[in-house]
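Engineer: Top to bottom, those sequences are chains A and B.
Sequential numbering of the first sequence, starting at -12, is according to this note's numbering.
Sequential numbering of the second sequence, starting at -12, is according to this note's numbering.
Some hints could be false.
As the list makes no split between identical chains, a pair holds if one copy fits it or if it spans any two.
Unchecked claim - List of simulated lysine-lysine pairs, DSBU-like, C-alpha gap at most 30 angstroms:
#  : residue 1 : residue 2
1  : K25       : K96
2  : K113      : K25
3  : K96       : K72
4  : K113      : K50
5  : K96       : K14
6  : K50       : K305
7  : K299      : K50
8  : K72       : K460
9  : K195      : K409
10 : K136      : K96
11 : K15       : K50
12 : K136      : K113
13 : K50       : K14
14 : K14       : K243
15 : K136      : K428
16 : K238      : K358
17 : K50       : K369
18 : K96       : K113
I should point out that these hints are in silico values taken from the structure, not numbers from a laboratory.
Listed below are the residues making up each chain.
2 protein chains.
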Amino acid sequence: MAKDKKLVESITSREVDFAQWYTDVVKKAELTGYTSVKGCMVLKPAGYAIWENIQAELDRRFKETGVQNVYLPLLIPESLLNMEKDHVEGFAPEVAWVTQGGSAPLQEKMCIRPTSETLFCDLYAKDIHSYRDLPRVYNQWCSVLRWEKTTRPFLRSREFLWQEGHTAHATAEEAEERTLMMLNLYADFVEEVLAIPVVRGRKTDKEKFAGAEATYTIEALMHDGQALQSGTSHNFGDGFAKAFGIQYTDKDNTLKYVHQTSWGMTTRMIGAIIMVHGDDDGLVLPPRIAPTQCVVIPIRQNAEGVLDCAAKICDDLKNAGIRVTLDDTDRSPGWKFAEQEMRGFPLRIEIGPKDMESGNCVLVRRDNREKITVPIAEAAKKAEELLETIQHDMYERALEFRNSHICDASDYEEFSKDIEEKPGFVRAYWCGDRACEDKIKEDTRATSRCIPLGKEGEAPEDAVCVCCGRKAKSLVYWGRAY
Amino acid sequence: MAKDKKLVESITSREVDFAQWYTDVVKKAELTGYTSVKGCMVLKPAGYAIWENIQAELDRRFKETGVQNVYLPLLIPESLLNMEKDHVEGFAPEVAWVTQGGSAPLQEKMCIRPTSETLFCDLYAKDIHSYRDLPRVYNQWCSVLRWEKTTRPFLRSREFLWQEGHTAHATAEEAEERTLMMLNLYADFVEEVLAIPVVRGRKTDKEKFAGAEATYTIEALMHDGQALQSGTSHNFGDGFAKAFGIQYTDKDNTLKYVHQTSWGMTTRMIGAIIMVHGDDDGLVLPPRIAPTQCVVIPIRQNAEGVLDCAAKICDDLKNAGIRVTLDDTDRSPGWKFAEQEMRGFPLRIEIGPKDMESGNCVLVRRDNREKITVPIAEAAKKAEELLETIQHDMYERALEFRNSHICDASDYEEFSKDIEEKPGFVRAYWCGDRACEDKIKEDTRATSRCIPLGKEGEAPEDAVCVCCGRKAKSLVYWGRAY
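Working from the sequences, and respecting the hints, build out all of it.
Structural biologist: Quick look at the structure:
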């Protein structure tokens, strides 16, 4: 019993020290591990399985929109990285350089890809000749590397896993359409599968991707009130096409530049799941993404018939398509409960001799601790229902939390006070001037997260900039961010 | 029509120049592309989709045996690579070194993983404490990099995709059992899914993996008579465990070293598929691995009802679980036939106005060009049957070819002549001495591929070494290899 407690007690409370709580959860739920490679993470089975589920579901949605997967090299020669000016300025300071191959120094150094725009452009310049070759809608699943100074598991690491989509289109309109299609695909995925509500918006020029004409983003709110950029989709216009000479012969027999997009989502989303849904007992996984959705825990498992009954329940759930495991190890039930909570399995089923006498078993929800007693024969059906309910409730709770952590500020004093005292998003009008954005960041450590899409982002006639008081151009979500 | 022919004619014949034929197929079937990164390949959609199917099927088989997926860092600090003596000697000459991160030189240089034994050992040393922590059966899907001087797509490239399994066990017996389990899993997969027969065997000491106690291999025979090592499984004993200090407390409360294995399969298998099954018209894909199993090609598609009928057939096949596409582009049927053949789709269905009048359509097998006329309503059922038949026939043909390219040599003159004049495997007895292996390689460019498992590998009492004439220890498959 002392050991059972220790497992739980050793986690710092979210309210006491959120950063430490996060580190504790990542470690105790065995999502990541340490190696001797500074700033790089090890994804252990429990962490990698979440990524596999994210991958499978995103990939399915990608392919429905015509995406084809490819794989491009890990290394980028310096001369290739240098071809687009803004892009190289954005990435060169944070790349790792390979200078030696085998025992000989390289004639030209190469960096490990921090992102692969330049490689895709190199390929497209060779492959695209005619309008018949368009559109190209390619994606790759890979790891990238950025030489960060301070790192945190999932949120900021030197190496991380992601997908990067890179497309080429005949027209500007088609490129813009693809950019928004992928933004909405990300938003739907995050809301429907990860149960995390997001704001869909456009980045300001200051915050957009190096080399992009426009960057769209989905922004989520973590439990500590900080924002997390959760997926971005960029419209490059024809900037890269001009730098790399990617031209096609159109139907009218004239040479034209292609219009390009890129879009990505990363293992950072595992950090978002932890920080949106987790609690003081550990991880809480939304059922649709949980590698284990239910664990069956026998009570007094050496008593006659208990293990058989537990195995039967487990089989019933498996047949209903539920990802379920049976924990028949020789540890105590209390230890198993604590582990199920720490690892965030959405549901557990308890079954012991007393339950069996009454023909029932007990289902316990991870998200709200509710206990539901049902006849053993109905366990699978009830579990199916409950997993749907948990998914729904988790999203609703996250949405309520997010909405109750948005406030509107009309002058700079109010704005500064809100940022300091009310963790969350602050909505305020902005003149569109970089100087105001810079001043806000310097004064408050808040950055412009995005200009929300549609009507919400438009400033009415009489709206003024929260910083300088001049006529406003747009509404902006501001916040401190990871 | 001239254009249709050109598509086909531009491939070199297999018999004229096998190497050029291979290069032509890889390029014309659009499996790989070129970038500015020397020695690294681009896997284009048609190539990557084959890898995705290999991955999905292998991963499913792995998980059935209890494998868990993880992800470990891309970079290995020099000191970590240096920890196991044989291993560093084997790999250090062919790694790429990162010496600079951002704008600063690194204090310790790091190599890009050529394989990840050292990283897994580093993790296991930190994670394994008790017999309860064993076994660990981890695998990762990733890319690795080896600084090869001469490269060929799929067969030898600086960067390639693979999976690497790394396990830790309490006993030597358990490690050996896992090593052989994975060897057999690879062999079954390659034979059942890729339709390629393999010899299962053990490598000689000279050919085994750097740091391994024993290396097992599956060896396949390509159409030009050269061997291709197609998957390896290594038993490390406790060598790495001692170098990295991976110990556990056993039930009897004593500290013991773990026993480890590793095993891998790579994108090289795509090269094997090409070289075993391809012909002078291009790629021939086994149905079980083909991303597109059937293409429906309308004849005179502007004639009334043809496209609708083709779409209906396509839907029927899709509903039967067949990976099918409809080619309704404005190119000629001849062009489409040639493309289907070049890309190796196992089956095509032709449907035109004349067929429709008779209520039939025509199925054409890629592997033997056989044409089968069936009622339109039975197309899906027949396609299903034919795909099974093609899979079976392709394996049988490859097996017959392989078996007819094995010969037995009893003295050195015969051996040298066979190696030179009869492309394929030469079976011959060997004394077990490295000197004979070296001499054979120097004289004939043949290497020992493997000592076959079981009775076949044992030398009878009176058998003598084909090279030195002394008493033989084992039977060896010899051959020139990729």
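Engineer: Confirm or reject each hint.
Structural biologist: Going down the list of hints, with the structure as the test:
| no. | hint | result |
| --- | --- | --- |
| 1 | K25 / K96 | both (22 angstroms within a copy, 12 angstroms between copies) |
| 2 | K113 / K25 | between (38 angstroms within a copy, 15 angstroms between copies) |
| 3 | K96 / K72 | both (18 angstroms within a copy, 29 angstroms between copies) |
| 4 | K113 / K50 | within (24 angstroms within a copy, 40 angstroms between copies) |
| 5 | K96 / K14 | between (37 angstroms within a copy, 28 angstroms between copies) |
| 6 | K50 / K305 | both (28 angstroms within a copy, 16 angstroms between copies) |
| 7 | K299 / K50 | between (37 angstroms within a copy, 22 angstroms between copies) |
| 8 | K72 / K460 | within (29 angstroms within a copy, 65 angstroms between copies) |
| 9 | K195 / K409 | within (26 angstroms within a copy, 63 angstroms between copies) |
| 10 | K136 / K96 | both (22 angstroms within a copy, 17 angstroms between copies) |
| 11 | K15 / K50 | between (35 angstroms within a copy, 24 angstroms between copies) |
| 12 | K136 / K113 | between (37 angstroms within a copy, 24 angstroms between copies) |
| 13 | K50 / K14 | between (34 angstroms within a copy, 24 angstroms between copies) |
| 14 | K14 / K243 | between (53 angstroms within a copy, 26 angstroms between copies) |
| 15 | K136 / K428 | within (20 angstroms within a copy, 51 angstroms between copies) |
| 16 | K238 / K358 | neither (66 angstroms within a copy, 38 angstroms between copies) |
| 17 | K50 / K369 | between (33 angstroms within a copy, 28 angstroms between copies) |
| 18 | K96 / K113 | within (23 angstroms within a copy, 35 angstroms between copies) |
Violated hint: 16 only; the structure is consistent with all others.
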